[in-house]
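> If you're matching them up, the sequences are chains A and B in order.
Under this note's numbering, think of the first position of the first sequence as 1, with each following residue one higher.
Under this note's numbering, think of the first position of the second sequence as 256, with each following residue one higher.
Just to be clear, a hint being listed does not mean it is correct.
[Stated by the list, open to error] So the derived list for chain A, only partly shown, Cβ under 10 angstroms to chain B, looks like this:
1) Pro86
2) Ser111
3) Phe121
4) Phe190
5) Lys223
[Stated by the list, open to error] Partial list, derived from the structure: chain A residues whose beta carbon lies under 7 angstroms from chain B:
6) Val41
7) Ile45
8) Val176
9) Met205
10) Ile210
11) Gly213
In short, the hints are calculated from the structure, not lab data.
Please read all numbers here as calculations on a predicted model, not as lab measurements.
Every residue gets a Cβ at the ideal spot worked out from N, C-alpha and C, and that includes glycine.
There are 2 protein chains.
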Amino acid sequence: MRILLTNDDGIHAPGLFALYEAFSQDYEVSVVAPETEMSAVGHAITLSQPLRVRSVTKGGRFYGYAVSGTPADCVKIAVKELLDHPPDMVLSGINLGRNVGMDILYSGTVSAATEAAFLGFKAAAISLDTRKTEDFTLAAQFSRAVVRFVMENGLRDGTALNVNIPALPPEQIQGVCFARQGLSRFEERFERRNDPRGNVYYWLMGETTIENGTPDTDFVALKSGMITITPIHYDLTCREELERIQKLRPPAIEV
Amino acid sequence: MRILLTNDDGIHAPGLFALYEAFSQDYEVSVVAPETEMSAVGHAITLSQPLRVRSVTKGGRFYGYAVSGTPADCVKIAVKELLDHPPDMVLSGINLGRNVGMDILYSGTVSAATEAAFLGFKAAAISLDTRKTEDFTLAAQFSRAVVRFVMENGLRDGTALNVNIPALPPEQIQGVCFARQGLSRFEERFERRNDPRGNVYYWLMGETTIENGTPDTDFVALKSGMITITPIHYDLTCREELERIQKLRPPAIEV
């Protein structure tokens, strides 16, 4: 079985290597990942610049391809140019930091998985709810269970799994649940500074997440110690609002 | 009434100016837009660089703020730092080129509207289905009708309207419809080239759109000459797949 690995933290990230180690023994693994860190790029693709591709070795052996683009670029160029055979599954991660609630729209990790789903591949994004530890053991093991789950049960066309894992010792994990995407989001502000020449600039600061959701949503379940799995797709249509406004008279064209 | 205008083609784009002209007579209009073209950036935000903000004048008068970031950055910094009063509505556009189907996930135009919706504002993205003409008359007029529609009928919290307008003379427009987001997408490929030093690089090429959908979907309706309005939100959950997998045994944690 063929697995394509990518991420948004860049090809040298330990979370990606943890997946490589977990799968390369009994899967045919390819790595195609951004050359540099690409967090918060969302579903960006690169149209105004050409993409460069560079082979990366690890311990003297070929490890994968570094691409001068975004996670979505990596998936596209992997399956359309770089790989000899299409992958059976695409995994993106392991991300340092959760990807839940509204914030998944900013996530490069998640966008790589949804891009793979667009292109017709089974895919999952794997995120670990921490910015500190680099112990990916449990998350890497669980990723293997996710791949087996998808191979056994299939996955709806165009859908990817968004998996979030608490950074807890195995015995403290409360279980695994299927959750829907919730409303939680980072509360942000800008910090205004002056540069040495007196010019103003701003840093976007991510503050604490606003917890907003019911126990069946990703962030609330994750915070209670559960591993969460959310099937996500390309469709942003708000069906409730569509149903409501379809009963109204649409805006008129004035000529 | 206060309207915030932004886009992804950059502050000097004529489509943005068309909205400015359409609204500035009887609305209080603010313009906060990217300094340069930011197409296909999706819902990217800028974390690794500070943002610069520059005042832009047009015809000797203050026109708006140019931000060294993405459309989503522009909306955030506008409402959190630059504007004295919150807008009653945020409009993104008028984009040169439609934003329909799966491709809206790549769209900077659409991401500005969804970002505004995240932040609690009423919002719409306006796109004209052409890359050639710069006649925004009908699209700008219709944008006024969209704003009136939203003011009269409200808009569900967290939801924005994605509006696509055919590039046709008014008498050839077939009507206005509420449509769901369809499956259409650009068929892409990479063009491999060699630079003057013999190194390989790749350009991502967008080919023709794969038409894929029923008449109630955005691209199919747009192609039939209809103006389409799609309510979109942050939630990527695939409900059908969630319902299906909730009946299955979840992947197990191996310790």
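> Hint by hint, note whether the structure agrees.
Structure-based check of each hint:
no.: 1; hint: Pro86; verdict: violated (15 angstroms)
no.: 2; hint: Ser111; verdict: holds (7 angstroms)
no.: 3; hint: Phe121; verdict: violated (14 angstroms)
no.: 4; hint: Phe190; verdict: holds (5 angstroms)
no.: 5; hint: Lys223; verdict: violated (18 angstroms)
no.: 6; hint: Val41; verdict: holds (5 angstroms)
no.: 7; hint: Ile45; verdict: holds (5 angstroms)
no.: 8; hint: Val176; verdict: holds (4 angstroms)
no.: 9; hint: Met205; verdict: violated (9 angstroms)
no.: 10; hint: Ile210; verdict: violated (11 angstroms)
no.: 11; hint: Gly213; verdict: violated (11 angstroms)
In summary, the numbered hints that this structure violates are 1, 3, 5, 9, 10, 11.
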